[in-house]
Amino acid sequence: MSAAKGTPTAIRMGQAALGLGLLTAWETGSRTGAIDKFFFSQPSEIGRRLWQWLATGSIWRHLGTTLAEAALAFAIGVGLGIVFGFLLARMPRVAALLDPYIRIANALPRVVLAPIFLLWFGLGIWSKVALGVTVVFFIVFFNTWQGVREADPIVINNARMLGASESQLIRHVLIPSALSWIFSSLHISIGFAMIAVVVGEYLGSSRGVGYLIAQAEGVFDTTGVFAGMAVLASVVLIIGAGVNRLERWLLRWKPQRDVTAAY
Amino acid sequence: MLGLDNAALEFRQIARRFTSPDGIPYLALIDVNLTVRAGRFVSVVGPSGCGKSTLLNLAAGLMRPSEGSVSLFGQELGGINRRAAYMFQQDALLPWKTVLDNVALGLEFRGKTRAAARAEADGWLHRVGLDGFGGSFPYQLSGGMRKRAAMAQCWITGPDIVLMDEPFAALDVHTRLRMQQEILGLWAETGKTVLFVTHDLEEAIAMSDEVAVLAAGPGSRIVARHTVDMPRPRDLLDIRTQPRFLELYKSIWADLRAQVLRSYERG
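Read top to bottom, the protein sequences are chains A and B. By this note's numbering, the letter at position 216 of the first sequence is numbered 216, and the numbering carries on one by one without gaps. By this note's numbering, the letter at position 123 of the second sequence is numbered 123, and the numbering carries on one by one without gaps.
Please keep in mind that the hints were generated in silico from the structure rather than gathered at the bench. A couple of the hints might just be wrong.
[As the list claims (entries may be wrong)] Derived, one-sided and incomplete: chain B residues facing chain A with beta-carbon distance under 10 Å:
#1 N57
#2 A84
#3 K97
[What the hints assert, rightly or not] Some chain A residues well away from chain B (every beta-carbon gap over 12 Å; in silico):
#4 L20
#5 L22
#6 E27
#7 T28
#8 I59
#9 I76
#10 V111
#11 F142
#12 P153
[As the list claims (entries may be wrong)] With beta-carbon atoms standing in for the labels, derived distance ranges:
#13 A:R252 to B:L27: 58 to 64 Å
#14 A:L97 to B:T227: 53 to 59 Å
#15 A:I238 to B:A115: 36 to 42 Å
#16 A:R252 to B:D235: 41 to 47 Å
#17 B:I80 to A:A107: 37 to 43 Å
#18 B:R110 to A:R61: 53 to 59 Å
#19 B:G79 to A:W249: 35 to 41 Å
#20 A:L123 to B:G79: 55 to 61 Å
#21 B:I80 to A:M13: 55 to 61 Å
Remember, predicted model here, so these are calculated numbers, not experimental data. C-beta atoms are modelled at their ideal positions from N, C-alpha and C, and glycine is treated no differently.
The shape of chain A in the complex, shown without the other chains (with noise of 0.2 Å):
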């Protein structure tokens, strides 16, 4: 995504063509039978479906749904993530004491939650958010928490010496200097947020991305699986999109990275 800025036209066109081969090969796969339209359906198919949802409006109510969902998960996780990687940061004896407890709660795989946040929270968007929220909150807590820890010590002892309280030390140096972390972990985060709350609606909901594709499913609908899944993705891409401009705007201070050498 962010790599995108400095692509040669060459490359750009042989994205665009690799995309297109694809989608034709799977049209014409379906239209001959080379390619089983039931179990993988058909790009014109997905398109109209699409279409269908959009022209008729009811993808907004689902989409609404899992985007306020993801975006309370996002929010509470990054919110608790940044607030509790800075106070171990900062306590290094509370991190001590806390630490094989929060490696135990990491590694518990965050699915099979899902049934008892339904238990507790009910049918409704909460118990979504709150499996949204364990994934995001862990990504983001251990990348500020590194990001802190990571802070330069020179400049730290710089910022005290020019006379800063710990208040400003924090907002002056650490934020500032975690950024770059947690800016990271952001990344990742939003993804997971959106995966997370469409396999809690997914389990058990009754509006939704989620729902959507459970239900075309439960109806061996896979245009409408695809349908979604192609809703969900370019979601995605373009809430990504957002954050990486934020985020080049908010870390303009370090040198630009050749991105063209990523390739």
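Model the placement of chain B on the given structure of chain A, informed by the hints.
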């Protein structure tokens, strides 16, 4: 000569121990006694690893002595030294703040409004020759320019004492000479007390009123003190070839040489 009443900084019977991560104790300084009189430019020279930076960190209050005490204008130092500024050997500017905001930082921490702090910082940028670079981030500046910014950042808060830890070690010879001259100019204008740490004896003599020699570690102590009785203002471009400079160099080097050899033996 023993005007202890105007001592800006006084180290008394200092010992400082460290414990390595493997639990091995290391004695960095022992029996260190040093008085820095107000308004003087005092250098401490010594072989690498002799505890020069430790001495500065003690003066800054970033570190506490294991034994002994550090006094600041007659009062024992209990925490961060609020009357001192510290110029570090490494880059210590906040990389996420512009040069202007970096210079203004000390004033902001002291409660000035951002606008007032920036206005004053602007004057300092002019003073250290960084006009037009206020909006740049530190990574966009050369090493010498970053040092100028660090200089302004230190001096703007109006400290009584300036602590400097080999601030020019990373610069090329000519930039270094210019920076030394500028520091001397600032010092002459403001009359602050300076404690300057370096391993470069020429630099120490050229800039200082007094040079103290720290022994090779472990267990460093001050082994010699010399007064540099050369007139001021000094022209750093020519001072190194003057007969008095060479005499001083020879006599201090005799002391320092022994310590450097000892540090070689200890590998």
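Results for each hint:
1. Given the 10 Å rule on beta carbons, the hint for N57 of chain B holds: about 8 Å separates it from the nearest Cβ of chain A.
2. For the restraint placing A84 of chain B at the interface with chain A, the shortest Cβ-Cβ distance is roughly 7 Å, inside the 10 Å limit, so the hint holds.
3. A least Cβ separation of about 7 Å between K97 of chain B and chain A falls short of the 10 Å threshold, and the interface hint therefore holds.
4. At roughly 42 Å, the least C-beta separation between L20 of chain A and chain B is larger than 12 Å, which holds for a residue marked as non-interface.
5. With a least CB separation of 42 Å from chain B, L22 of chain A remains clear of the 12 Å interface cut-off, as annotated.
6. The Cβ of E27 of chain A lies farther than 12 Å from every Cβ of chain B, with a closest approach of about 50 Å, so its non-interface assignment holds.
7. Every Cβ of chain B is farther than 12 Å from the Cβ of T28 of chain A; the closest lies at roughly 53 Å, confirming the non-interface assignment.
8. A cut-off of 12 Å between C-beta atoms confirms that I59 of chain A is not in contact with chain B; the least separation is 41 Å.
9. Every C-beta of chain B lies more than 12 Å from that of I76 of chain A, the closest at about 27 Å, which supports listing it as non-interface.
10. Separation of V111 of chain A from chain B is adequate, the least Cβ-Cβ distance of about 38 Å exceeding the 12 Å criterion.
11. For F142 of chain A, the condition that its CB be more than 12 Å from all CB atoms of chain B holds, with the nearest at approximately 22 Å.
12. Not every CB of chain B lies more than 12 Å from the CB of P153 of chain A, the least distance being 10 Å, so the non-interface label is violated.
13. The given range of 58 to 64 Å is broken by R252 of chain A and L27 of chain B, whose C-beta atoms sit roughly 46 Å from each other.
14. Against the hinted window of 53 to 59 Å, the Cβ-Cβ separation of L97 of chain A and T227 of chain B comes to about 55 Å, which satisfies the hint.
15. Judged by the Cβ atoms, the range 36 to 42 Å given for I238 of chain A and A115 of chain B holds: they are separated by roughly 39 Å.
16. A C-beta distance of roughly 43 Å is found between R252 of chain A and D235 of chain B, which places it inside the suggested range of 41 to 47 Å.
17. Range check, I80 of chain B to A107 of chain A: about 41 Å between beta-carbon atoms, so the 37 to 43 Å window is met.
18. R110 of chain B and R61 of chain A have their C-beta atoms about 55 Å apart, which keeps the hinted 53 to 59 Å range intact.
19. For the pair G79 of chain B and W249 of chain A, the beta carbons lie near 38 Å from each other, so the given range of 35 to 41 Å is met.
20. A hinted range of 55 to 61 Å for the beta carbons of L123 of chain A and G79 of chain B is consistent with their spacing of about 57 Å.
21. Take I80 of chain B and M13 of chain A: their Cβ atoms lie about 60 Å apart, and the range 55 to 61 Å holds.
Figure legend: structure checked against the earlier numbered hints; hints not met, in rising order: 12, 13.
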